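Turn these sequences into a full structure, and let the hints guide you.
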Amino acid sequence: MSSFRTSPAVSRKSLPSRLAGRMSRMTWVDIAVAAAVLVLLYMTVRVGQGTTVRFSTSQSAKIDTDPWQLPYYAARSLLRMCVALALSTVFTFVYALAAARSRRLERILIPALDILQSVPVLGFLTVAVAGFVALFPGSMLGLECASVFAIFTSQAWNMAFGFYHSLASLPRELDELSRSFRFTRWMRFWKVELPAGAIGLVWNGMMSFGGGWFFLVASEAISVGNKNFALPGIGSYAGAAIIDGDLGKVGWAILAMTVMVVGVNFFFWRPLTAWIEKFKYEQSEASEIQRSVILDFLRRSHWPHLLGPLLRPLGRGLARAGRIFGIDDRPLTVSPRHRRTGDIAFAVVAGGLILWGLADLLGYLRDRSGLGVFGEPLLLGLATLARVIVVVVGATLVWVPIGVHIGFSPRLTRIAQPLVQVLASFPANFLFPLAVWFFLRTGLSLDVGGVLLMALGAQWYILFNTIAGAMSIPTDLREAMDDLGVRGWQRWRRLILPGIFPSYVTGGITASGGAWNASIVSEIVPFGTTTLTATGLGAYISHATADGNYPRLLAGVAVMSLYVVGLNRLFWRRLHRLAETRYTT
Amino acid sequence: MLLSTLRNLRARRTTAACRPARAADGDVLLTAEAVTKSYAGADGELPVLSGIDLTVRAGEIVALLGKSGSGKSTLLRCLAGLIPPSTGTVTYRGTPLTGANPGTAMVFQTFALLPWLTVQQNVELGLEARGVPADRRSEAALQAIDLIGLDGFETAYPKELSGGMRQRVGFARALVVEPDVLMMDEPFSALDVLTAENLRGELMELWESGQFPTRAIVVVTHNIEEAVLMADRIIVLGSRPGTIRETFDVALDRPRDRDSTGFEDLIDRVYRTMTGRPKETRLPGRTEALESEKRTVGNTPLPQASVDGLSGLAEMVAHRGGACDLADLAEELGLEIDDVLPLVDSLELLGLGKISEDDLVLTERGTAFAGADVQHSKEIFAEGAADLPLVRLIATSLQQNPDRTLRAGFFRDLLAHHYTSEQVDQQLETATDWGRYAELYAYDAGPREYRRVEPD
Chain A
13 MSSFRTSPAV SRKSLPSRLA GRMSRMTWVD IAVAAAVLVL LYMTVRVGQG
63 TTVRFSTSQS AKIDTDPWQL PYYAARSLLR MCVALALSTV FTFVYALAAA
113 RSRRLERILI PALDILQSVP VLGFLTVAVA GFVALFPGSM LGLECASVFA
163 IFTSQAWNMA FGFYHSLASL PRELDELSRS FRFTRWMRFW KVELPAGAIG
213 LVWNGMMSFG GGWFFLVASE AISVGNKNFA LPGIGSYAGA AIIDGDLGKV
263 GWAILAMTVM VVGVNFFFWR PLTAWIEKFK YEQSEASEIQ RSVILDFLRR
313 SHWPHLLGPL LRPLGRGLAR AGRIFGIDDR PLTVSPRHRR TGDIAFAVVA
363 GGLILWGLAD LLGYLRDRSG LGVFGEPLLL GLATLARVIV VVVGATLVWV
413 PIGVHIGFSP RLTRIAQPLV QVLASFPANF LFPLAVWFFL RTGLSLDVGG
463 VLLMALGAQW YILFNTIAGA MSIPTDLREA MDDLGVRGWQ RWRRLILPGI
513 FPSYVTGGIT ASGGAWNASI VSEIVPFGTT TLTATGLGAY ISHATADGNY
563 PRLLAGVAVM SLYVVGLNRL FWRRLHRLAE TRYTT
Chain B
2 MLLSTLRNLR ARRTTAACRP ARAADGDVLL TAEAVTKSYA GADGELPVLS
52 GIDLTVRAGE IVALLGKSGS GKSTLLRCLA GLIPPSTGTV TYRGTPLTGA
102 NPGTAMVFQT FALLPWLTVQ QNVELGLEAR GVPADRRSEA ALQAIDLIGL
152 DGFETAYPKE LSGGMRQRVG FARALVVEPD VLMMDEPFSA LDVLTAENLR
202 GELMELWESG QFPTRAIVVV THNIEEAVLM ADRIIVLGSR PGTIRETFDV
252 ALDRPRDRDS TGFEDLIDRV YRTMTGRPKE TRLPGRTEAL ESEKRTVGNT
302 PLPQASVDGL SGLAEMVAHR GGACDLADLA EELGLEIDDV LPLVDSLELL
352 GLGKISEDDL VLTERGTAFA GADVQHSKEI FAEGAADLPL VRLIATSLQQ
402 NPDRTLRAGF FRDLLAHHYT SEQVDQQLET ATDWGRYAEL YAYDAGPREY
452 RRVEPD
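So the protein sequences, as listed, match chains A and B. This note's numbering puts the first residue of the first sequence at 13, with every later residue one more than the last. This note's numbering puts the first residue of the second sequence at 2, with every later residue one more than the last.
Calculated directly from the structure, the hints in this document are not laboratory data. In this text, all values refer to a predicted model and were calculated from it rather than measured experimentally. Keep in mind that the hints are not guaranteed to be accurate.
Said to hold, decoys possible - Below, in silico cross-link-like pairs of lysine to aspartate or glutamate (EDC-like), each with a Cα-Cα straight-line distance of 16 Å or less:
hint	chain 1	residue 1	chain 2	residue 2
1	B	Lys295	B	Asp388
2	A	Lys292	B	Glu161
3	A	Lys290	B	Glu161
4	B	Lys379	B	Asp434
5	B	Lys160	A	Glu289
6	B	Lys355	B	Glu316
7	A	Lys261	A	Asp488
Next up, the structure:
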């Protein structure tokens, strides 16, 4: 320790001397934190090495179903999820900022997000795989990219939309603060907009990450045009175990998956959501405070104080580099003629590009299969629509009463909420083999059973949001109803249903979107040597994928997007508006 | 930077040394010439400000005083270069603005502190934006924190502070960049009375001591006493559109004595200007602005006042013998002009009261209204309300409509010719509230429809 003090570099209260002071007070907490960081780094490097392994399509990747391989596979899967999350975050910043800063881009980017959110991601997986494999011939990297891409597309739109919304609804005084004090553009983003939108971004990221597991599992093992591609990962492990028909190994995979989902929640998202509380702008807003054992642990360690001085120069460097973006100022006067000319030029270019793409697409479809290719999926869509409706209605009837019961009891809520959160992010397609095994034993057709498979993932959103809605009903309203003797159906009609309605609508939208996406994997399920198939748009898309029939695939995906958008516009959005105008206090 | 100025300032008392850029008293800093501002309405532009000419000189405090909706905050933001005027120019030291005004810094009504930064980091923001190195930044910020009485709070986060302390951070943040003109947008109105009084007093002491880092202050307020306490010049803005109704030069000695006759006299004069009608529309020998048959939806906006507030005020005046001095009443109730004026305007419109000199006097009908039971007071209220253009419009349209219902959108479209969409909302809200109370019509919020009420 003394060597620090005698070092010639030390002057005033420099970093090393402070380091020395802190070192002496180093506790086991600090050591544990340091070790954890080191292990994390090592694992990333170790696991990351596997991604560049060469393979040839002829031999296809062999998945070893020895349960001892599971930790390694799980780590590979987790790495993919993290890379996708990082990419989604970067995409979110770029996309949302572009939309918020440019009036012209906003007109295209925001409706585009709305559509992209409704596109069934799984339908495009095969296209992505083919594209990326061609990009990195002979390397595993192409498949990795395709998988990351699939997860990315399930997360990015939602996150970008949320962040755009927080940029657009930045409190007016903060905008004026930034301009009146002549902040640099970088300062506006880094000190004002990012912190102001941080809470929404993290919660959105957490939800999207949870949804991403589903796509991870679906994207690790995939067959395109009679070729089987498999990446080492927990999803492909389960896939291999399913093909072997080995339920014991499937059980191990489910266990590993559970540990991973719970672990990521506990070690990453909980601490992050607790830490992010400090970015709350509304100072009066009282809601439940997020707590995290891990965050408390980190805060008790001395690392934050040690790293602070090291990171500060980095922040200063960033701020200095950020000056090149200029001052956050808007010209007071824009000549209307310039503006109009710009608008017209932009509209012509953008409109032209879109029309050209559309013409090309239609031409392609006509040449390959004729435009009649849309007829069949439109019809099959009705069958899938019926299933989606049954899923939402069924889940509502089952989970709303239970959710209300849980939400009214603080004790039950404490136990149930984290549990439901994990259930919602647990990839339902992981449980399909068990369900299919059950169907095979009972002889249940997948036309009916598919509903159960779709519900497996989608139902939790309804339960989760109902609990939140029930919790938000003020206690004094419940007491007033008790006092007036309002009970039974009248109590439901007058208090409970209106009270949970806004939350329920949010849950319903998510559940219905999830059910559509799930239909692609729920209407056609392999188990051992048998493959169960249901009639529906999901199965149609899956078939088209397996055959490598791109016109049919394109038509199927387009029609499904149409159904999703239509259902949202005609049904959910109306309920949402009703919830906002009539049922919010 | 602040440090150097303070040293300069202290030195100046003996050596008269001073930065060359520093404006001498009387130098013109800000000017507004023929500034108008309007927002898009249904048919063309709806003016918010009109024909504003204004000069701010070094060494003076200018107060912009007006009711809510007089466009005073809009004018401040035009001067700060945050929003462009529709026509006219704003110049800073002779140069027309093309973006945010480089010579001003803003203090916000809602403080606008960044809750994720400490007090010191918040104060340093403006210097950081200018690229001042960290050590000099910190030095200057600590000086400003010291100056404004925030010592010991440097590492606190805004949420740990009381309202008054938060606004001190707002002041320190603006002062540390040493703007030529400090812009204050109702800086004390989010604080309780005592805190506001204390903070205002300290700020004025600082100004009078000559240690103040800025050369002029423009303050927006709706509080007459605040304006008289602080300003060298009070500019009273009229409403719809905001025009300069009158300018008062305040020659009272500092620190100002509330009990001096000059002070009270000025308050009364300003009060009269604010409660009275604009001179142009005042007919000789008449105090009423408009005969009821000349009233239209466009020239007679409904004030934002609740029926309960009206009855409360009427009863209070009745208790005082049917007439009382408005300024005294407001002070007694701890209310500000913004709280009282809409109620007074409403009483006048409904024919329940009128303004004579500085007094609010109840009419015969008003006295009856104040003393009546619920049913009877509803009837009296209905008589007055039925004469109001918007209420009358809704009621007669419903009479003539065979369906007995009309969508609110219909009236919204009519009003859009005269009001901004925010004002339309407020007009319809008041008309709904008053019409419902008077039982002239009913309103269903679900389908947003007005419905005819059949007499019993």
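Exercise. Looking back at the numbered hints, which does the structure fail to meet, lowest number first?
Worked result: 7
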